[in-house]
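Participant: In case you want the letters, here they are:
Number of protein chains: 2
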Amino acid sequence: MSLQSLTSFFASALELQSRWLAFHARLLETMTSASPGNPRQKTQMMDTITTEGQDNPQATGRKHVYRFGAGAADGGAGMRNLLGGKGANLAEMASLGLPVPPGFTVTTDVCTAYFANDHQFPAGLKEEVEKALNFIGEAVGARFGDNQNPLLVSVRSGARVSMPGMMDTVLNLGLNDETVEGLARRSDDRRFAFDSYRRFIQMYSDVVLGLDHHLFEQALEQYKNLNAMELDTELSAEDWAQLVERYKQIVQDKLGKPFPQDIHEQLWGAIGAVFESWHTARAVTYRRLHNIPEDWGTAVNVQAMVFGNTGDRSATGVAFTRNPSTGENALYGEFLVNAQGEDVVAGIRTPQYISEAARQAAGDDRPSLETVMPEAFAELRDICLKLERNYRDMQDIEFTIQDGKLWMLQTRAGKRTTKAALKIATDLTAEGLITKEEGLLRIDPEQLDQLLHPMLDPNAKKEVLTTGLPASPGAATGELVFTPDEAETLRNLGKSVILARIETSPEDIHGMHAAAGILTARGGMTSHAAVVARGMGRPCVSGAKDLSIDYEGHKMTAGGRTLHRGDVITIDGSTGEVIAGEVPTLQPELGADFQQLMDHADEVRRMKVRANAETPRDAKQAREFGAEGIGLCRTEHMFFEGERTTAMREMIVADDESGRRVALAKILPMQRQDFLELFEIMAGLPLTIRLLDPPLHEFLPHEDSDIRETAQRLGVDEAKLRTRLAQLKEFNPMLGHRGCRLAISYPEIPEMQARAIFEAATEAGQRTGAPVVPEVMVPLVGLAGEFNEIKARIDATAEEVARETGVKLEYQVGTMIEIPRAALRAKEIAKSAEFFSFGTNDLTQMTYGLSRDDSGSFLGDYMSRGIITNDPFVTLDADGVGELVQIASERGRATRTDLKLGICGEHGGDPASIAFCESVGLDYVSCSPYRVPVARLAAAQAALRARQTKS
Amino acid sequence: MSLQSLTSFFASALELQSRWLAFHARLLETMTSASPGNPRQKTQMMDTITTEGQDNPQATGRKHVYRFGAGAADGGAGMRNLLGGKGANLAEMASLGLPVPPGFTVTTDVCTAYFANDHQFPAGLKEEVEKALNFIGEAVGARFGDNQNPLLVSVRSGARVSMPGMMDTVLNLGLNDETVEGLARRSDDRRFAFDSYRRFIQMYSDVVLGLDHHLFEQALEQYKNLNAMELDTELSAEDWAQLVERYKQIVQDKLGKPFPQDIHEQLWGAIGAVFESWHTARAVTYRRLHNIPEDWGTAVNVQAMVFGNTGDRSATGVAFTRNPSTGENALYGEFLVNAQGEDVVAGIRTPQYISEAARQAAGDDRPSLETVMPEAFAELRDICLKLERNYRDMQDIEFTIQDGKLWMLQTRAGKRTTKAALKIATDLTAEGLITKEEGLLRIDPEQLDQLLHPMLDPNAKKEVLTTGLPASPGAATGELVFTPDEAETLRNLGKSVILARIETSPEDIHGMHAAAGILTARGGMTSHAAVVARGMGRPCVSGAKDLSIDYEGHKMTAGGRTLHRGDVITIDGSTGEVIAGEVPTLQPELGADFQQLMDHADEVRRMKVRANAETPRDAKQAREFGAEGIGLCRTEHMFFEGERTTAMREMIVADDESGRRVALAKILPMQRQDFLELFEIMAGLPLTIRLLDPPLHEFLPHEDSDIRETAQRLGVDEAKLRTRLAQLKEFNPMLGHRGCRLAISYPEIPEMQARAIFEAATEAGQRTGAPVVPEVMVPLVGLAGEFNEIKARIDATAEEVARETGVKLEYQVGTMIEIPRAALRAKEIAKSAEFFSFGTNDLTQMTYGLSRDDSGSFLGDYMSRGIITNDPFVTLDADGVGELVQIASERGRATRTDLKLGICGEHGGDPASIAFCESVGLDYVSCSPYRVPVARLAAAQAALRARQTKS
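Order-wise, the sequence lines are chains Y and G. The numbering of the first sequence is numbering that gives the first Met the number 0, which starts it at 0 and goes up by one. The numbering of the second sequence is numbering that gives the first Met the number 0, which starts it at 0 and goes up by one.
Derived by calculation from the structure, the hints in this document are not laboratory data. One thing to keep in mind: the hints can contain errors.
The list makes no distinction among identical chains, and a pair is therefore deemed to hold if it is satisfied within one copy or across any two copies.
Calculated pairs, DSSO-like style, for lysine-lysine (alpha carbon to alpha carbon, straight line, at most 27 Å) [claimed, not checked]: (1) K385 <-> K554; (2) K460 <-> K665; (3) K719 <-> K554; (4) K719 <-> K544; (5) K554 <-> K728; (6) K807 <-> K830; (7) K719 <-> K125; (8) K385 <-> K544; (9) K554 <-> K62; (10) K461 <-> K223.
Produce the complete structure using the sequences and hints provided.
Facilitator: Shown next as structure tokens:
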């Protein structure tokens, strides 16, 4: 079949873009449990990172129009910036000799010039477009505006990166009162010609003329009502022709001028409208949210129309060159015979499988493409192979078969599940298509996260009560409790519990430990609940705003339903869903692909990866995930348990230093035992222990009954306890009496902690035979003088312990850099500090002047207005906070060239932040145990990219 | 009388240093009402800044010992660093030919070498000291260790800066069992010789041998008891001789070796002991507190002894070359005939006036020095004149008259009251002794503060209940009230009230305005109460810890006394005293000297001085004090009054934007009226208006009864109000939803404020004929995007107002730089911001990670350990916060060369911080109205010093 015959076929006004979107959505539904519209979905099914080359600057020249089709092209895949993603890939496919409907791309440069020049097209464009139209016409044997044999084209946007559904498209352009007759004659189907015309008028009026499409839909409804019709299929050619007249009248009435009959006016109107759609509110918002520069602009693709609904030898479909769900190397996709995209959108017909193998596997009894159109199928399979070899990645393609002839409409890197991504990268490496390093770069580290946590069975039914923030991934089911004590009690009875709190505080830690999952009504992705839960690897849904928790009544209300203590619920920390009852879950499997990826990552990365851990359980988990040490062992969590809490409170209410020392002496053996266990588990790996950090009031009770009870237990007057509480109350505890400030006021605390550390390290070294080099970390230092004073006490304690035990221990004393002033004064602080660990949580709070716990009330406004694109507590603010990290690193190393630098804020597990850490030369990152594999991969990728940049 | 005869006189072991200290203390008491031990005293009576030259590096050489006396000297006043203050001035006086007992100075370099070299004296020192001793001996006609005619010397410390009472001194050195007999023979008074000897043994044993002086005092007591004596005067020569034996025995018993008879051993022991006293705990603490480097070390002065108690032709005294209280150009001082310093210390005898004029003025009937020793007096007067001409400043001198012969023992710049400082600087300038610029540099700007506020009559009796922090200077008396409403009510009845609160909050503002003075039990020098009070010019005592306030009982307890509502009290914000009843006050007078100083200051300063003011009263006060504009007009204080509060609360509880707009429309005319008044008062001077800054919860009631009442007044459900309160509650409000974040969330607020500003500016311009150029300031910006979004709204409002009024107004939109991130991103922010105003209060809080309101609980520990020397909220932390100010200034001006830079934090009124502002090139400082004169002088001094540094 020749190109010449193409335009004579019956056409329907498919909006291909939305058709394929719907198509894809169906496919994806089978691969993931992510609910639509959920923020998590983005990371679960995201673009694989491709290594397409950058534009060749010479190639951009002065040329405005790039042609493709008929076995050749002016452009190629490397020209994405100039031609947009779609245009570049169409050119690439044409160059490869694949069957692409001929067309041309108006470059993004033209778009930029158009806006720069007061919405005027640049000189010379008209002539180039004319030539290119002739090229298409010659290729398909038709002519634009020819009354006998009219060329119909689609006009589509195509930006550098995909902005799905954001921008405008016009199809079937080239129809007017005269060409429609030519189309009717050529197609021998008058009804279809007029149906196509009325669709074109509607779409053009909407996109180009700015008329509401409802006006046209109303007119159609009225016509059907008047004529007692129900379905569009009941309308005859004459009916459509009459409607076309009505449509044209609508345009005349609304705009005071007729619908343009000049097909060149149509074309320029459409090109201009596509450009203008770059600035629609939704597009602007989308770009802000996705950090796409405003000045990129879009290209415009003008292409000959092809149709998949010309009969039983025609079809339309979408496919992945490998299975996007499993990664299996097998063509995977769906198609519909004699169909247009609207059929898919309407959901009237169910697509069929492309390959016979897939059909059989699914037990579908409708025939596969392989069976019904074996030639087209074979060609498609060959093309897929060719595309994979060319792009060196799994492709997501769109195709149309018109009268048995296959046409390729789109190719792009296919989205895939993490499992598939791992398998595809491993296979492509094994097949020699990509290098080991490229394989590493193909996996989004963030994707790994979903492998590490249990997931809800995607096929299970579920009654979603409400949705909060996906604060810590994984799913959990259990009995609902509202207090940490209840959580512990039920857990001790062997029950699985979900702890629901309005918000959590350090007092709740034991309950969070006991719970299988945590749910809060308040707090963001980086609230206390979220941070602690991620650290523990517990699923967590935070900030479920619609949730109303009634502690007194032991119940909560959500989505109009009230649940009581003991009711079973399920939370999905990967989607934020809160679900009534139990939902079956799937346990994660870490296969050989995962192991191989991690091995490759470990080979190439420069930075070490440590974990933030303070319990034996977490430490073990960290080692299982490959952590090379502990970068942050908080010691305060150790004070929130049973007897320790009592001793701690005793210390806080003590009248003087000697009273405090008595209480601390009770804590010493327990603390030593904690460290001993950790040292043994870590077996010689480095372990950074942070001295007591939170303000003392966090250790005291705050509710009346607790206060009374605590006073009794401590044997102090209730009034005295209340006085102490009042004394410790602070306006801004974040900036208050905590961190090393406690150590300055109560030097007996760091002395006790240092003693516990050194005694435990000595004993652990003797037990395991592996020497322990503890790193003692002083928090919240802002002045060199603070650090020096505390270090002197630590050193003195080390000497004492060495004298007592007869063992001289190696150790280091360093500081967290979490106060802007400390970053600025790093040169001075590094004189005595042996390591810096960037506490980027607090450093962000202070540098940004932003309280993590309070920012939820307004960061939403910031995000929605595009003032910020990333939550600075999730991804390190490289411009602001990052500069301080860099300053501190440079100044610190100017004093001490071997200064050890690490990061222990939440950012240590965030891939973008890890890349930043690589760029400033940190020695290690430290993150939650469950983020360790993510960090290993991200560190490897950062190292690879850094080498690429250098070479 | 020859020098030769000096050593033959009877000597007593005066500790001159403490003697003069006591002497001075008595003098000062007559000049100031400052209570001893109060921190304010330091600034009231401080060293005048001198312009003595720096050491000539060549002069330091290798020489260890510098001689002086006999009309010549090796050193001079410019060698303070090498010879210490005392040594340099003794050398200077000797060079001038003044009668100085001959002696020599061992340099500070020797001290440094001594510590560097393991407490060994450097090679060659011994020989130099021997030679210098010979020089003294020759000059006085005696010989060190001569049994017939022994030379006695004093050994005194002398650091670069005075460290009063911190270091050790040994007098009468050179006595042993043999020389004491020589002294007895030469003096013809055996009793005195042995009295001197026993005093020497005691002092030497204490200072050099480390024996407790109580051991010797006990022995003396025992001796007197045994012999039924009461007074020392009852002891005969033989008694003293016996005690000398007992003293030597004590040394033998305690140390196992005899008291050193070798007078050279004595000398080296004393020199070493003076060096060692550099490192006593009290000296180390003193240096930390006064920011004196550890490595400066002290010099040692060895000088022939002279005595004022050799009969009626001898005397001892202290004088100022001008009146230190009034500045009057008249010799002013006291003396005692035939006296030793101990007489003064014991307070047994009252000193007499030196000049006849002073005696007559005081109505004292004991004769003046002018009368009893006219020759010595005449010589003293000449010497004073000579010293003033030489030092070009008023001097504080010590002298001794021995048998009619005058000896000068010390000269140094004299401390003086502010009034005196002004007069002396003006007079010295008029006399041509100093230049206008030098006159400016002679006044400590901080001193001016005491001129501007009412003071308590220093002669009045007062019952001090307790002492808090001197948070805002001046004194006030009034009826005690405990709530802001009571304050307002009583004030409206025409009463003067003192508002006492545990601590204050913005809700108390109206009460603080109504009160004559403010007293708080909690909070530091920079607490809310302190800052607001200083801004208002209200006296304030903050953080009176012993004060227990009982709101319910309408009473407070302090110093064991309970005061009730309505009781009259007085507070002194300059000393921190809280006094029962009324104390008469003195109103400040700003004389011609003050005016002249200010005129000179205005001539030389580069930076403008503006005031922080938001009420007409403050604005007027600011102009009276010479402010050149308003640098910070807070708009929130305007919302804390009557109807406005109600409208504000209505806005806060409104359900949506339209509800908020209704409430804001009520505020608009009031806010416009506020601005109109300010614009008229400032008559064309620049006025920077900050948009709403505090978190909204500050505007809501927090106590149960208030909440109920407010809900009723607003016509909303109490539960709804409580819900809103709970929503607005923040963990760290400092880092929360405030500043420009409110403007982003509720753009209708800045729109209303901008409208009020522009409408008022237009009207004021028309009324006064002076065009107003309002500067609209956006607070708490951290991101360029925030600023841009708000500026767009302000610009749009300006256009609207211009359209409506037909007047196109000039205005600027800028931002506060108070978040570290903003400083770092200044380059980007300056693209659209037309000015930066450094909000160094918050910038310090965030850069330091330090909550101003909470830091009181631990900053004391920091101060006492010397970790910080200045409260960073009082004096800008140049190293940390200052670097960010500098970064922001440089980056901002890199984008916009004419970017206007100012400071509006509390630091804008602190002289040290103002000097910093000059160094980074700010255009203006802005401070409380009452600090404006201080800032004008400080800015002038900073400009002068900057010029000196450059040239």
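Participant: All the hints need checking, so say for each whether the structure fits it.
Facilitator: Going through the hints against the structure:
1. K385 <-> K554: Neither way: K385 and K554 sit 60 Å apart in one copy and 91 Å across, limit 27 Å.
2. K460 <-> K665: neither (52 Å within a copy, 54 Å between copies)
3. K719 <-> K554: Result: close only across copies, 21 Å inter versus 35 Å intra.
4. K719 <-> K544: between (38 Å within a copy, 17 Å between copies)
5. K554 <-> K728: between (31 Å within a copy, 24 Å between copies)
6. K807 <-> K830: Classified as within: same-chain Cα gap 23 Å, cross-chain 58 Å, threshold 27 Å.
7. K719 <-> K125: neither (87 Å within a copy, 64 Å between copies)
8. K385 <-> K544: Result: close neither inside a copy nor across copies, 50 Å intra and 83 Å inter.
9. K554 <-> K62: Close neither inside one copy (68 Å) nor across copies (87 Å); limit 27 Å.
10. K461 <-> K223: This pair counts as neither: shortest intra-copy Cα distance 41 Å, inter-copy 101 Å.
Checked against the numbered hints listed earlier, the structure breaks hints 1, 2, 7, 8, 9 and 10; every other hint is satisfied.
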